[in-house]
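Heads up: the sequence lines are chains A and B, in that order.
According to this note's numbering, the first sequence is numbered sequentially starting from 503.
According to this note's numbering, the second sequence is numbered sequentially starting from 569.
No lab work stands behind these hints, which were simulated from the structure alone.
Where a beta carbon is used, it is the ideal one built from N, C-alpha and C, also for glycine.
Among the hints, a few may not be true.
[As the list claims (entries may be wrong)] Listed below are several chain A residues computed to face chain B (Cβ distance under 8 Å; list not exhaustive):
(1) R513
(2) L515
(3) L528
(4) P532
(5) R545
(6) F561
(7) A590
(8) L593
(9) A594
[Unchecked claim] If you want the ones that stay clear, here's a sample from chain B, every Cβ over 12 Å from chain A, calculated:
(10) A588
(11) G601
(12) R611
(13) F618
(14) A642
(15) A725
(16) L731
(17) Q735
(18) T736
(19) V740
(20) H743
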Amino acid sequence: MIMDCKEIRNRLLQGGPEAPGTDGHLAACPRCAAFARRLALARGALRERGCDALPDGGFAARVAARLPRRLVGGELLGWAAVRALPAALLLALVLAGMAAAETAPPDSLLVAEPSSSQLFAWSAQAGEIR
Amino acid sequence: MTGIQALIRFEPLARPPEAAGAEARLIRSSLAGEEDAFAALVRRHQTRVFRLAGRFFRRPQDVEDVAQDTFLRAWRKLPTYRAEAPFEHWLTRLCLRCVYDRLRRRTREESSAGDAELVAPASDPDARLEVERLLARLSPADRFVLTLLEGEGWTVAEIAQRLGWTQTNVKVRAHRARKRLRRVLEGEEKG
């Protein structure tokens, strides 16, 4: 069975240069042979990419200089309390607001002063009753 | 197996028990906030982290930055470390994630600037430079996955384990990366 270029290239990509069944096609197809060469070079480049940098004697010190302080024990509790302070204040504000809303405002306890028309109507009613 | 593969393979290392005990003490002290103990941990693992980061970057400064990021992240996340797996495996995962994050952050301009420092090996320099130019067209995420697959020779399962990704995620990324590699290599035929 003769494989087409697409299948050959898929096999090369999946299986590497020794992908089975590709030799015959590569010998007969210069374009796929060129593709296989480029792919092999790309794989070689991927294996060799990068640099050989190694840490110098001061690396650990440079890392240590950048470490944020780790809080332990009582410090952690203190820090947690500080972090909780805004939430506690907010809660206190909300509770105060709720308490204020549930208490009737002083004005609402006063009886409104009747208007002159109301007085007139009431006195007229009083007259009728008598 | 390449030297790097041997360096970062995940099988338990034949480390003497006293060395493992010393490392566990350093970890405990670091958790208690002792920076000297953590610096000792850094010195133990810095070469491994540099070599791993060095697989992905050409500029030594990039490697140094990633190595520093790795250890800073380790310091922050140390309370989450469970001693079920060796510390170096945990550190390898952090390092790979730092590499990946840095590659993703890099802008296209930075990548182009990086291409200028490509150095071709003595053998067939023209062909190598040409391939480097082609690889530079891939996205950093694609190069990351291809470096692990093709460069390190890791399997999908190994990559998933070492990065903490699902195998499906790795398969999808690998498929896309290979597809783009193919497109890039075939693009040269048409050009």
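Verification of the supplied hints:
1. R513: violated, 12 Å
2. L515: holds, 5 Å
3. L528: Violated, about 14 Å.
4. P532: violated, 10 Å
5. R545: holds, 5 Å
6. F561: Result: holds, 6 Å to nearest chain B Cβ.
7. A590: violated, 26 Å
8. L593: violated, 28 Å
9. A594: violated, 32 Å
10. A588: Non-interface label on A588(B) holds, nearest chain A Cβ at 20 Å vs cutoff 12 Å.
11. G601: violated, 4 Å
12. R611: The assertion about R611(B) is violated, with a minimum of 5 Å to chain A.
13. F618: violated, 5 Å
14. A642: violated, 9 Å
15. A725: Its Cβ never comes within 12 Å of chain A, the nearest being 16 Å, so this holds.
16. L731: The claim holds: L731(B) sits with its nearest Cβ about 17 Å from chain A, beyond 12 Å.
17. Q735: holds, 16 Å
18. T736: holds, 17 Å
19. V740: holds, 15 Å
20. H743: Label violated. Min Cβ-Cβ 10 Å, cutoff 12 Å.
Taken one by one, the earlier hints fail for this structure at numbers 1, 3, 4, 7, 8, 9, 11, 12, 13, 14, 20, listed in ascending order.
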